[in-house]
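Each protein sequence line maps, in turn, to chains W and S. Following this note's numbering, the numbering of the first sequence begins with 4 at its first residue and continues without gaps. Following this note's numbering, the numbering of the second sequence begins with 32 at its first residue and continues without gaps.
To be clear, the hints were calculated from the coordinates, so they are not data collected in a lab. Cβ coordinates follow ideal geometry from the N, Cα and C atoms, glycine included. Be a bit skeptical, because a hint or two may be false.
With a straight-line cut-off of 27 Å between C-alpha atoms, the simulated DSS-like cross-links for lysine-lysine are [unchecked claim]:
no., chain 1, residue 1, chain 2, residue 2
1, W, K114, W, K197
2, S, K141, S, K129
3, W, K92, S, K129
4, W, K92, S, K110
5, W, K114, S, K123
6, S, K110, S, K123
7, W, K92, S, K75
8, S, K64, W, K114
9, S, K141, W, K114
10, S, K65, W, K92
11, S, K92, S, K75
The following residues of chain S were derived to be distant from chain W, with all beta-carbon distances above 10 Å [what the hints assert, rightly or not]:
no., residue
12, K75
13, V102
14, E119
15, E122
16, A163
17, G188
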Amino acid sequence: MPKEKRKRFFIITALAIIVLTILSALARPPAHHEAIGEVMRDAVLHETNKISLLGLLDVNPGLIAAFTVTGIVLVFSVIARIFVIPRFKTVPGRFQLLLESAVGFFEDLAKSNSPHRNTFLGSYVFAAGFYIFVSTLFELIGFQAVTTNGTIISLPAPLSDINGAIMLGCLSYLVILSGGIAQNGIRGVGLALKEFSLPVSMSFRMFGALLSGALVTEMVYHYTHLSYGLPVIVGVLFTLLHALIQAYVLTMLTSLFYGEVTEPKEKHKK
Amino acid sequence: MPLNIDFQQILLHLLNFVILFAILYFFLYGPVKKFMDDRTEQYKRMDEKARKDAEDAASAKSEYETRLAEVGKEIDKEKKAARRSIAEQTEKSLYAAKREAERIIDQANKKAETDRERIIEQAGEDIADMVADATEKLVLKSSASESYDSFLEAALGGERNE
């Protein structure tokens, strides 16, 4: 871009930001049903906003979000399986490259961290990574749902629900434990139990990371004058970034500990 | 429970994740991995084949070079044998020619000797005849006219008889 054009572009952008900021400051704030404190408290504890699961049970919005994500993934996977994968070429196109890179990345992660036993681990970390990434990005869509109170809320990321985070943390620990048992028997159990704090740390790390994202987003959207410009950075870039980071952190930790407990015992020479 | 932790919902999350895992494994991870593995296997086979072909080519080249060297030796050997054979043949031909030449010379010598003897003999006879003629001429010189007459008579007598 020429120097003059670039200068003009920056001036116009700066003016637009200033005008929008002034307008947002002058704008009348919308009437909120809940105060920000209540919204944040509910985002953490899910005490007030519950959603009915087929009329059987009142559940947290995160669970409904999780089922929705599974539905989306199912549709995407079936379409990919029927229309894309059979047309795979030896020299891949863009979408094929994306799928192959994702599969190859998690397979390599499993192989490099657990060279002795990695067949199941590869598929598990792929599923977990894919779930974390997609479910974190899911909050960007803003799927609407009606709570049992009759209020409309946008569905949060499934893993910002503590129950979802605990499930994934504990399941990852169980996978590690079962890998240890399958490879080393009792010794594997011992090695896995040595890291007894792992399920708690993994669960709460993920819950904390995703919850913080959700809280920041809630706060940004709660105040009108923060809703101009900032959501592009907070809503999209931060979400995308922590989706990638959390998917990588959990899968990497699982692979690492799995590799540790499935390492065969070296026989010492007498 | 603190933080509104609910075991029922944890189990529902688990059920959801198990379903998601199965979907991803059967529809995405498995087929894509299979395709990638097959392609890797195909490239390995191609690589193996190319390596084997290269090895075969190197082996064939080495074999051809060995054979070429052997053929060169064989050619040298054949050349030597041919030279030897030609030399022997030439020697034989020369010997035969020499023999023939000797035979011809011998024959010519013999013929020349025979001719010489015959000529000498013939010459002796001629000389004798000449001597006899000369003697006769000397002896019969006086009666030549008579003789001539008698000859004429004899000749004429003959014509009449016929």
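How the hints compare with the structure:
no. : hint              : in the structure
1   : W:K114 <-> W:K197 : holds, 23 Å
2   : S:K141 <-> S:K129 : holds, 18 Å
3   : W:K92 <-> S:K129  : violated, 88 Å
4   : W:K92 <-> S:K110  : violated, 61 Å
5   : W:K114 <-> S:K123 : violated, 86 Å
6   : S:K110 <-> S:K123 : holds, 19 Å
7   : W:K92 <-> S:K75   : holds, 17 Å
8   : S:K64 <-> W:K114  : holds, 14 Å
9   : S:K141 <-> W:K114 : violated, 112 Å
10  : S:K65 <-> W:K92   : holds, 13 Å
11  : S:K92 <-> S:K75   : holds, 25 Å
12  : K75               : holds, 14 Å
13  : V102              : holds, 45 Å
14  : E119              : holds, 70 Å
15  : E122              : holds, 74 Å
16  : A163              : holds, 129 Å
17  : G188              : holds, 138 Å
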